[in-house]
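Take the given structure of chain A and dock chain B to it, following the hints.
2 protein chains.
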Amino acid sequence: MERFEVNILGCGSALPTTKHSLSSQVVNLRDKLFMIDCGEATQLQFRAMKLNFTRLNHIFISHLHGDHCFGLPGLISTLGLLGRTAELHIHAQPNAEKVFSPLLDYFCKELPYPVIFHAFDPKKNMLIFEDRTLKVSTIPLKHRVPTAGFLFEEKPKSAHILREMIDFYQVPFSQINAIKDGAGFITPDGQIIANDRLTRPADAPKKYAYCSDTAYTEKIIPIIEGVDLLYHEATFGENERTRAKRTMHSTARQAAEIARAANVKKLALGHFSARYPDETVLLAEAQAIFPNTILANERQSLKL
Amino acid sequence: MERFEVNILGCGSALPTTKHSLSSQVVNLRDKLFMIDCGEATQLQFRAMKLNFTRLNHIFISHLHGDHCFGLPGLISTLGLLGRTAELHIHAQPNAEKVFSPLLDYFCKELPYPVIFHAFDPKKNMLIFEDRTLKVSTIPLKHRVPTAGFLFEEKPKSAHILREMIDFYQVPFSQINAIKDGAGFITPDGQIIANDRLTRPADAPKKYAYCSDTAYTEKIIPIIEGVDLLYHEATFGENERTRAKRTMHSTARQAAEIARAANVKKLALGHFSARYPDETVLLAEAQAIFPNTILANERQSLKL
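First to last, the sequence lines map onto chains A and B.
Using the numbering used here, you'd call the opening residue of the first sequence number 2 and step up by one each time.
Using the numbering used here, you'd call the opening residue of the second sequence number 2 and step up by one each time.
Among the hints, a few may not be true.
Which copy? The list can't say, so a pair holds if one copy fits it or any two copies do.
In the DSS-like style, the derived pairs of lysine-lysine whose C-alpha atoms are separated by at most 27 Å in a straight line are [as the list claims (entries may be wrong)]:
no., residue 1, residue 2
1, K20, K207
2, K51, K20
3, K124, K110
4, K20, K220
5, K110, K99
6, K20, K156
7, K246, K110
8, K158, K99
9, K110, K143
10, K99, K125
11, K125, K246
12, K110, K266
13, K33, K304
14, K110, K304
15, K158, K110
16, K20, K136
17, K51, K99
Note that these hints are calculated values from the structure, not bench results.
Computed from a predicted structure; not experimentally measured.
In isolation and in its complexed conformation, chain A is listed as follows (with noise of 0.2 Å):
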């Protein structure tokens, strides 16, 4: 199996505590890492986590609230003293390389690698990158400003090869890659091998869905169905559901019927407000809905 996982590299909220960080997560599929968010302090929990920097080659950035992306001119500044040369990809809405630019222009002057910023439309569901093994694409989120959240999908895999059938029927390795993608053989005295004598079905491709921030709404299902995990907001519990309303967050408990309606395998919650020293009230109050549910938590590797 594949190694596809979510590294948590920070789940509070606005305000940082001694207890959790500022949002940021890190996508690992096959070694490739994928950043989501990068709050301040998002270069020291990489690096707690011993992450690779030299893996990292994307970052996508949910919205322009600090929160979300005050430590990208540290990380940036990092990535150049240790030497790196290789493009650096930011994915964000078309504002963020307006603002970040006199910042980056002034202090990272002599950088030994380009910083290209890819602007997307928060407002649209699209495909913003993809590569041989993976797609990722917006979810158009409601925050009190643009923002979207990301679905990584793995595209479909090919099927394992039988090693103890490929060497029965002395199969050449020039034809390997053709039974992968589903051929048959024929052998020497023209006997006809199915495919499914030589193969066993490709897992199926997993996906992954970051939502935050946002509020309450139900557009968001068709595009996450099904997904093997999603990371949605729930900033409060029940007992601040009228703020919640007003700030453009999500409840706990929202989070789960977006879970469920949206049959997803398995629902981790983030993005806690500083007023919840525990959070246990919230993964209740989320579990009463979608019992598949876990509260997220910094340095914690989640598997799909």
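Quick look at chain B alone, frame taken from chain A:
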């Protein structure tokens, strides 16, 4: 004895490690807090040290390298979320306001308090702040960009009243302040009581000097002469003397030479390069020259 202490929030150099945070200190003089430098994650260290955000009104920035100021936007945002209404004064060189304003204008549009930048010329030794008990002046340093250290000087204090003598001579309360300032007392029957019968001398005003970042420069010696505590950068050991010169930093030995030449009472080394997992080598090199040397460390509170 009135409180005068230096809280070390971060004493690492540009590359943060899991051991050392980025540069920041908070001088506490009689429960007023004065911040020096504000590297990324300073607000987290401030909170971890249980310092009181409402006591902080002045921030002094030595120079515009990111590891000394990237914590400003997050700290400023957090003070707003905490409901601050009092002015926050940032003392820095002229470019600081220009560089940070675009970011603050975008992210802190609804800040409930004013942030006021005060520009100083880092090439001059000049008074940049004073109140009833304190003077702060700049110490021109020698670095790759314009840089100033800071000298914190307590103003002369009043003599201590000898309570038992005041009672003995039945000195009326209305005359206490004059006696604290050096006056004698004439009893109702005309006897002259000299001031030194009624008081013991005030504690000598204390001085603290912060010198980071800087190459070895003897020009600072007359400015920091005799301070009670000198924090001097010691980015490198003697094994990296060439690199220290090239990057315009100091070795621990050079810091100690400055401390000895300036007759300071105590030296704290800081701004440690990430290459030293154990700074005792730096301590030993400094103590060979100036024995009363210590290593700064995070969450340490140095009493003057």
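Now for the hints, and whether the structure bears them out:
Proximity of K20 and K207 under a CA criterion of 27 Å is satisfied in neither setting, with 31 Å inside one chain copy and 37 Å between copies. With identical chains, the CA atoms of K51 and K20 are at most 27 Å apart both within one copy (19 Å) and between copies (14 Å). In this assembly of identical chains, the alpha carbons of K124 and K110 lie at most 27 Å apart only when taken from different copies (23 Å versus 33 Å within one copy). Taking the closest pair of Cα atoms, K20 and K220 never come within 27 Å of each other, the shortest separation being 32 Å inside a single copy and 45 Å across copies.
When the C-alpha separation of K110 and K99 is checked against a cutoff of 27 Å, the pair qualifies both within a copy, at 16 Å, and between copies, at 16 Å. Taking identical chains as interchangeable, the C-alpha atoms of K20 and K156 are never at most 27 Å apart, the minima being 36 Å within one chain and 40 Å between chains. For the homomeric pair K246 and K110, the shortest alpha-carbon distance between copies (21 Å) is at most 27 Å, but the shortest distance inside one copy (43 Å) is not. Proximity of K158 to K99 under the C-alpha cut-off of 27 Å is found in neither arrangement, the shortest distances being 39 Å within a copy and 51 Å between copies.
Taking CA atoms no more than 27 Å apart as the test, K110 paired with K143 passes between copies only; the shortest distance there is 20 Å, against 36 Å inside one copy. For the homomeric pair K99 and K125, the shortest alpha-carbon distance inside one copy (21 Å) is at most 27 Å, but the shortest distance between copies (35 Å) is not. For the identical chains of this complex, K125 and K246 are intra-copy neighbours only, at 23 Å inside a copy versus 53 Å across copies, given an alpha-carbon limit of 27 Å. In the homo-oligomer, the alpha carbons of K110 and K266 never lie at most 27 Å apart, since the shortest distance is 46 Å inside one protomer and 40 Å across protomers.
In this homomeric assembly, K33 and K304 come within 27 Å of each other (Cα to Cα) only inside a single copy, at 15 Å, whereas the closest approach across copies is 48 Å. Neither within a single protomer nor between protomers do K110 and K304 lie at most 27 Å apart by alpha-carbon distance, with minima of 39 Å and 39 Å respectively. In this assembly of identical chains, K158 and K110 lie within 27 Å of each other by CA distance neither inside one copy nor across copies; the values are 42 Å within and 47 Å between. For the identical chains of this complex, K20 and K136 are neighbours neither inside a copy (33 Å) nor across copies (37 Å), given an alpha-carbon limit of 27 Å.
Neither within a single protomer nor between protomers do K51 and K99 lie at most 27 Å apart by alpha-carbon distance, with minima of 32 Å and 36 Å respectively.
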